[in-house]
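Protein sequences, first through last, are from chains A and B.
Residue 1 is where the first sequence starts when you use this note's numbering, and the numbers rise one by one after that.
Residue 1 is where the second sequence starts when you use this note's numbering, and the numbers rise one by one after that.
These are computed hints drawn from the structure, not numbers from a lab.
Virtual Cβ for every residue (Gly too), placed ideally from N, Cα, C.
There may be inaccurate statements among the hints.
[Stated by the list, open to error] Here are the computed distance ranges between Cβ atoms for each label pair:
#: 1; chain 1: A; residue 1: Leu167; chain 2: B; residue 2: Gln127; range: 52 to 60 Å
#: 2; chain 1: A; residue 1: Pro187; chain 2: B; residue 2: Leu110; range: 25 to 33 Å
#: 3; chain 1: B; residue 1: Asp60; chain 2: A; residue 2: Lys119; range: 30 to 38 Å
#: 4; chain 1: B; residue 1: Thr134; chain 2: A; residue 2: Arg3; range: 16 to 24 Å
#: 5; chain 1: B; residue 1: Ser82; chain 2: A; residue 2: Ala47; range: 38 to 46 Å
#: 6; chain 1: A; residue 1: Asp57; chain 2: B; residue 2: Leu99; range: 28 to 36 Å
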Amino acid sequence: MNRYYWILGAFAALVALLAVGLGLNPRDVPSPLVGKPAPAFNLNVLATPEKTMSPKDMQGKAWLLNVWSSWCVSCRAEHPVLVEFSKKVKVPLVGLNYKEVRGDGNFDMSKMPADEERKLAFQRANQWLAQHGDPYTLTVMDIDGRVGIDYGVYGVPETYVIDKAGLIRMKHTGPISPDVLSKKIMPLLAELNK
Amino acid sequence: MKRRLLIALFIFGSFFGSTVAFASAASEAAMVADPVAEKRLQKLSEELRCLVCQNQTIADSNAELAQDLRREVRTMIKDGKSDKEIVDFMVVRYGDFVLYRPPVKGITLLLWGGPVALMLLGLFVLQRYLRRRTTRINAEDQPLSADQTSRADALLKEIDPK
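Excised from the complex, chain B in its bound form (with noise of 0.2 Å):
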């Protein structure tokens, strides 16, 4: 695993240079030539993750998969294929986790809704605690009795004896 991952990045690295400025090259010359197609190409990119730098989309990564993968969308625009028949070829052969934003689904619904249960809980946790603590406020809040009234008086006459 960490070699197999280390191997990657070396390969990555020896290309990295190279494979750049042909890449921009490459695809400068497309931009002008269809800047429509090159418009769709760069946003479909963005919505499709490469699967050897996981973290990064397709139009962001410079691995050749990712080379590889943009070629294809390329060819399927040109096609005249819609955004979700391009999406749903990726979505056939690489899976859901192909999907930059992968959908909500059963299996994703921790995914989804974990941060949003967390707040709700966080919520409950915050209006119980300030709930409880009004209640203790409230009970040490009581007004003086008649006893105290007098003995505070007198405390305070003695400190200021005007």
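One chain only, chain A, in its complex shape (with noise of 0.2 Å):
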């Protein structure tokens, strides 16, 4: 009688293990930039495509870095979300438009030169940020998602919390929802702003 005890409890071990496995989610990536300095970018502003924009320019301020294309489904479910919370909140809200063009699959790449890429980037960035409400202190454009792979997107939509020292303290892949925002990302700000 005591061995099948003993059975049915490295039965039960051996479920629980693989419940909490399944329970997990496949797709939040620990990203190894937590705790680093967020990594450098000069790129161009959407709203005035002569400037360029830096994280440095953002030293001694705690901000959010969120990454966005108009192709991005799901980006379209978290904009209300940063729409409400840029009313609300004065925290910096930099938006990185990625791959506004390349990403979208209904272009032929290898057909399309540069700067016909560009203008119709910020012309798509523009048009959507018009049409759903600009929650962006300012937006920048990774054209190329070259950026993006500094930072390790994968998904987008993704958004980084950057402290006042310019180090990443957070990521968080995939929509913010009003749950992530008021229970993870509020909570770390007001810390970050003390």
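Reconstruct the complex from the two isolated chains, following the hints.
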């Protein structure tokens, strides 16, 4: 009898292990960038294309970097949360527009010259923000997705919380739900702005 | 979560036909131009996981990200970076998860050691079982006593009276 309990116990342990494994989200890959300085970039600003912005400009402020694109459907779901956030909170929210044109898939990039892609990217991003509301302090344009690679972007939308010293303190992959905002991001921002 | 997956599948699916043809044509041209570099690219790509289709390497995957990362690797090879430098570049950005063979570390101990531990446990249980079984058989397999032998002989004679 005793040894059947033992087998049952071992089986229960295995089931528990597998249940935990199945409950984890495989897209939640821990970012190695958390705790590291936000990778540098120097990208053109959407509203003022002749100007550029770099994370250094934000030194001394806690801020959010939100990766988005007009072709990204989850970004659409997230957008109202960001718009709401920008109305209530004074924390700078920088948009990183990721591969606006070449990420879309409806374009044959082998036939599109770079300047045309650039023009189209600005136009589409502006149009999308005009249509859905612009929660961003400013948006920078990562047209070829090179900066996205430095930030380890693999599924738009993604959001980074960066502290006053320029260190990434948190990364959220996927759309920000009101829950994630109130339970994870807001408390962290409050702590960073102390 | 589910919806995102569906979207990803949909996007992936709608691209698939065109990108496959495009990617292979492009890589064939590059292959002819510099076979050594392309071999290295191929080898490195097989070591790196695509974070979009997580069970594929960036060599197998045709996801956008995999294509970007292959382009990145190709650039680094051209720049004369070593294999280690290229792999480190990926790990710094995407973490150990980008490695198709994760390194042995505290957190991956169960992954690497689990199967061995399970096998050792199995061998231990098997050995214990076999030992017990031998003892039991030995215990049952005592030579017959004089009394039992004579009875057995008598019974055998009854059956076969030769």
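Here's how the hints hold up against the structure:
1. Leu167/A - Gln127/B: 52 to 60 Å: 54 Å, holds
2. Pro187/A - Leu110/B: 25 to 33 Å: 31 Å, holds
3. Asp60/B - Lys119/A: 30 to 38 Å: Check passed, 35 Å falls within 30 to 38 Å.
4. Thr134/B - Arg3/A: 16 to 24 Å: With Cβ atoms ~18 Å apart, the hint holds.
5. Ser82/B - Ala47/A: 38 to 46 Å: 42 Å, holds
6. Asp57/A - Leu99/B: 28 to 36 Å: 34 Å, holds
Violated hints: none; the structure is consistent with every hint.
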